[in-house]
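*Asks:* First to last, the sequence lines map onto chains A and B. Here the first sequence is numbered in this note's numbering, starting from 1 and rising by one per residue. Here the second sequence is numbered in this note's numbering, starting from 359 and rising by one per residue.
Warning: the hint list may mix true and false statements.
Unchecked claim - Here are the simulated SDA-like pairs of lysine to any residue, each with C-alpha atoms no more than 25 Å apart in a straight line: (1) A/150 to B/544; (2) A/150 to B/683; (3) A/150 to B/447; (4) A/231 to A/135; (5) A/93 to B/553; (6) A/93 to B/780; (7) B/566 to A/267; (8) A/93 to B/642; (9) B/683 to B/745; (10) A/10 to A/20; (11) A/150 to B/553; (12) A/129 to A/209; (13) A/150 to B/564; (14) A/167 to B/642; (15) A/167 to B/774; (16) B/683 to B/447.
Rather than coming from a laboratory, the hints here were simulated on the basis of the structure. Values in this document were obtained by computation on a predicted structure and should not be read as measured data.
Residues per chain, in single letters:
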Amino acid sequence: MLYREAGDYKKTYAEDSQTFPLKLDRYGYYTILFVAFLVVPFVINDYWASAILIPFLIFSIAALGLNILTGYCGQVSLGTGGFMAVGAYASYKLMTSFPDLNFMIIVLLSGVITAGVGVIFGLPSLRIKGFYLAVATLAAQFFLIWLFNKVGWFYNYSASGQITAPKREMFGFEVTGPSASAEAKYLFVLVLVVGLAWMARNLTRGRIGRSWMAIRDMDIAAEIIGVNPLKTKLVAFAVSSFYIGISGSLFFTVYLGAVEVGEAFGILKSFLVLFMIIIGGLGSIFGSFIGAAFLVVMPVLLKNVMVGMLGWPIDLAAHVELVIIGFLIMFTLILEPHGVAQLWRVTKQKLRLWPFPH
Amino acid sequence: MKLKKLAAYAVAATMAASPVLAELVFPSLSYRTGPFGANGAEVADGFADYMTLLNERDGGIGGVMTRVIECETGYSTEKGVECYEATKGEGALIYQPLSTGMTYQLIPKTAADGIPMLTTGYGRTSAANGQVFPWTFNFPANYWNGASAAVNYMLGENDGSLEGKTVALLYHNSAYGKEPIPTLEALAEIYGFDLTLLPIDSPGQEQKSQWLQIRREKPDYALLWGWGVMNQVAIQEASNIRFDMNNFIGVWWSGSENDVIPAGMAADGYKALTFHAVGTDFPMFDDLQQYVVGAGLAAGTGENVGTVLYNRGMYGAMLAAEAVKVAQEMNGVAQIDAGMMRQGLENLEINDENMAAIGLQGFGPNFEVSCENHGGPGLVAVQQWDATAQEWSIISDFAPSNMDVIQPLIDADSAAFAAESGIVPGCM
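So that you can see chain B by itself, here it is in the shape it has in the complex (with noise of 0.2 Å):
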């Protein structure tokens, strides 16, 4: 079931440093277990398979080997600084810690390491800014997009008015759950929408107080932003209140199989933002059956291959392993570290050509990392979940969000962040 690659792992107390072998390793801290387990556990096999693949198939990126290094965080901040510690002196290349509340936590670390992170929709919204957060990347799309995102399709839903309507917000009362908040608010004061704030608890296995209050304010639209046992139970308890499920949109991290399938018919019509495709009619995916999953080295059991966070996880990997490429094209040497990895993130270009490469053309939109903007092009759609045929599917198309009230947040968050830590912003 489980294999070598896992078991290859040394986070045995690092008193003494491990051995220089040649190798590009990539620490994946991971929670398998928990109330987020289940969709953590999916990222962490699509991220893990895709390093599989290219040891497999091209024989590791430019020619050296990768190494996953797994570690448990049960999502808990002490147990990520723990992995985080445990997995840096490993000659980790870059963290992608999936949790907003970690991210938090290792902006500095990581600034201090040298250690670059790439939260790929998720973290630190304003690390968008690369001239205060030159370690940390958050390409493709961050929170603020998706909201923006959000606001223009229900727009395109309402002939480009939302006066009067209402939005309720559910969140996580996290600060990955708040992240959305001041743009929301903003948006709401522009296009004239009443916003609700609804905050769930964490685990959030508890809400029918915020349900009750939605069955009585009877809002127009629902927006969710959940993570893991969260989202089970607001597609749940929304089904329970009749609520019209095509006026209820999940942000990416409230769009997944496991989200929608305990609900069975009553979750069918229920929206999640997107990123990146659905699906596996890409033939990377071939090559993924066949060296990998044919192969039995899948880090899962294989059959989550294809579902939303299994893409997801799959796409970050992709984003590091091409990073990785621009980095060794850019310095000449096949075994980067850190340093070279975060000139690699910052130069990154994803387009047709180099997807195509790679057998996922089309997977995610097209776009160039600079020094200024770490966030990427934002580009996001909308899928839909279809109960009948268990599959998502995209129901819109990649439309950029609003960057001329994003943009303003992001320079202020960034500067404040400046002020407190004494950092000077500028390019490395």
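Okay, chain A solo, but in the shape it has when bound (with noise of 0.2 Å):
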């Protein structure tokens, strides 16, 4: 009744190979991108911009971007810190170097040379599988952290280390440095997630997306039947490197505005980013979002719920809240090991049956 394809005709190609066929599926997605465009900026302050709905949005465009390499194309990657950081210093340098270039372009630019850096360290991944890949992108991980602590250019010879984003604008408004506004930050950011899910929904479901699943799945049948093992993974590579590395640049600029390159991009947010697509789902766009929301908003929810309204010590929240999402993580993967997106697909299948069983 709700949910049903039934009576929804389609009249073209376009129409019934659209991404969400169902009416309310379609209608759902509209209104989130309203409240999100248009309601959401007008209601946001510092507070939820900085510490909720950035980082949110920012980790979600690493987690789709892992989601892409380890999800779809089962190229297990523990380097995603490192490919971070790829994207902040090469924006930080493309910045200092060239004042004058506008600011999304350097955003894109520095996914770019992330994706050639992470294309370089997926040749591995034409030769080994699984855990040992894993192993072989944390020495990535290792690798590009001492590299940026090391080599001076990177941090232009500041005595510090640290990097700082210069201000820049888009259309007028500040988007980067101290006094850039919420609302513009926000957008901003909001303008290249949607970019970056529309365009992997589309890679995913396309042609380049069930050569990866091919090859992820059963890599020798793939090459038998004709999938080009060699490039489909490197492009997996380039393209999760691409979103990795503008989530990287967007976490400098926009969201934290100064880095030290090793608590910033150290392991800890490679382990973080894989566990937002493990607990989201492998292999979904849906997933990733969810993932992100739960590793990233989960914790500020329960500190300011435990702080702020229960007003317990800060020390004991927390601790409290490494045992309660620790507690979460496993409860979620116990239930359903193939993460939320799962509950969520088969919240619908349900759904398109309700209210009858079968």
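Make the complex out of the two chains shown on their own, each in a separate frame, by following the hints.
*Replies:* Next comes the structure, spelled out in structure tokens:
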């Protein structure tokens, strides 16, 4: 009744092959976009932007990227933190070397540079798989962090080794720097998220996505039917690193403004994004968003509930937060090993039949 | 155990502005968890206890009660940003983030939001130049003073010459640890000693390779620029390779009881820098016992009163409170705002008279803050750990540092920041 294809006739091939064939899905998607673009900027304040929405959106981009690589193409990667660092340092060098370059171009170029680096570190994937590839990407993580710490050129030889994002504007509104308004930063990141998510959705349901999934499921069979493993895996690394590089660039320029590479892009970031896609659901666009929300927004929410509402001491709250997040992760994976996105898929399936059981 | 003070936080989503009460708000971006938690907790306790003392004994500052909002950052920059955004709307008067990384982050933000930041003995050293950093203060001493003071102490022990000696710097591989390097390199050229740089990745639990190198190279002196668990491990490793503790000097963040007690008797003789006194031999501590610890209002258990880091937290709170008094006097109102607080900080004067009035005479050096100098006098002493008596004692005078080496470095660094951020240097 609510959620049916019945009665919904498609008159063109374009309509028939759209991403959201069911009307309710489409309208839900449009509503979310409407709220995100036209309602939130008017009610947002600095705290919501800096502590909740912008980190959530930025990590959604990173989770999308890693999901493409690990979820759709099956190449386990623990180098996410390092690639985010590449994105951040690429933006820094571009911003300081070319002060007049448009900021959006800088962010996209950082993504492209990270894609290049990602392809280089993805070359081992042609010979090693699974756990061993994870170790090779772990090497990428540590190498990149060491590189950015050691080579002075990357941080313009500053004494502290920290990089700071200079002020940049889009359409007259500042988006980086301390005086950037919450709305401007939020909208800039949102535009990128929507664009990249749209691109990811269409890549993954097209020919390239199918070749990724073929490699993931059975790479030898895929090779036999004509999927080129070299090209496919490297394209997966490239696209994934493009996303992660953009995420790292935004993390540095829009969200934090100044980073220390060891602390901001360490191994913990790699694990964080990996956990996001595992909790959210491997091989699912929606899952990337859910995972990002789970691991970025939930800790802040818990802290505000425990310290703000219940008035607990802050160290107790911090430790209990770790316990709760860990417990929720275990709980989710035991109940639904395929992640929250699978729960959502099952719900939709049941909804299609509702109120009938089968 | 924990108290009503701490329970009154309104850290919850500040969508609506909270009602304006007559209160002086001091956010405390502390960390009681993580690898730096043990040290951070002591500093936060000292800070909170001093503010509680002012409320209980004096009824606040100038008649207005103080409120400390503690927010757990876990030494993570992201949480620091979240805590800053959550508390800045509460009428925050001053920020003391206790993390050099967070300080670098917050310097432009606090300047844009108009809230002063006091980073006593940490943070960005070139913030001493108040003409480029009007909203950031780092009196009474900064890292370059510390580096110079360590070198001066070593010179004192070697009859004024360090020619041919080797000094190893073990530093936390972050902005904090890298701070002294330019000064030390400059001093190495002047005094002719060799400087070996040994970075230790955060959090610093793995130091075997660095100490192996020290065992091989046998430097004459080792300087430690660590924090949290890195200090304990370093001192333990130093005792393992039987490095002479008398030649092992840590910066003021590497000289607390938490760092030396785990190594036991082996840490005897370890030295550290300091910019304030140690111990509880001051009248204010009697008041603290009476009004705070005795009344069960202490932020911690009350056992860490008088430890090095507790004293440091308390010193930071004291400087903030004194600045509030100056601001109240300058503006004629008791309920000051952040802009007035900045004025108070820039016109702060610590002398024997007002220190005696609060019962802390001799606790720290006397100094005056001015627009040109937000960094204080840079007077640093050396303290030494006595493992049998389990206490620190100051073994040198509060001596000045090589400002003719440091000042040009400050000027150059602040000029670079001003150029990068488009700031026109000048006094506010």
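*Asks:* Give a verdict on every hint.
*Replies:* Results for each hint:
1. A/150 to B/544: Holds. Residue 150 of chain A to residue 544 of chain B sits at ~20 Å (cutoff 25 Å).
2. A/150 to B/683: Violated, at roughly 46 Å.
3. A/150 to B/447: violated, 39 Å
4. A/231 to A/135: Distance ~22 Å between residue 231 of chain A and residue 135 of chain A Cα, so the pair holds.
5. A/93 to B/553: violated, 30 Å
6. A/93 to B/780: Between residue 93 of chain A and residue 780 of chain B the Cα gap is close to 18 Å, so the pair holds against 25 Å.
7. B/566 to A/267: The given pair, whose Cα atoms are some 21 Å apart, holds under the 25 Å limit.
8. A/93 to B/642: violated, 52 Å
9. B/683 to B/745: With a Cα-Cα distance of about 40 Å, the restraint between residue 683 of chain B and residue 745 of chain B is violated, given a limit of 25 Å.
10. A/10 to A/20: OK: residue 10 of chain A and residue 20 of chain A at ~12 Å, within 25 Å.
11. A/150 to B/553: Measuring from Cα to Cα gives roughly 17 Å; hence the hint holds.
12. A/129 to A/209: holds, 19 Å
13. A/150 to B/564: holds, 19 Å
14. A/167 to B/642: violated, 47 Å
15. A/167 to B/774: Within the cut-off at roughly 16 Å; holds.
16. B/683 to B/447: With a Cα-Cα distance of about 22 Å, the restraint between residue 683 of chain B and residue 447 of chain B holds, given a limit of 25 Å.
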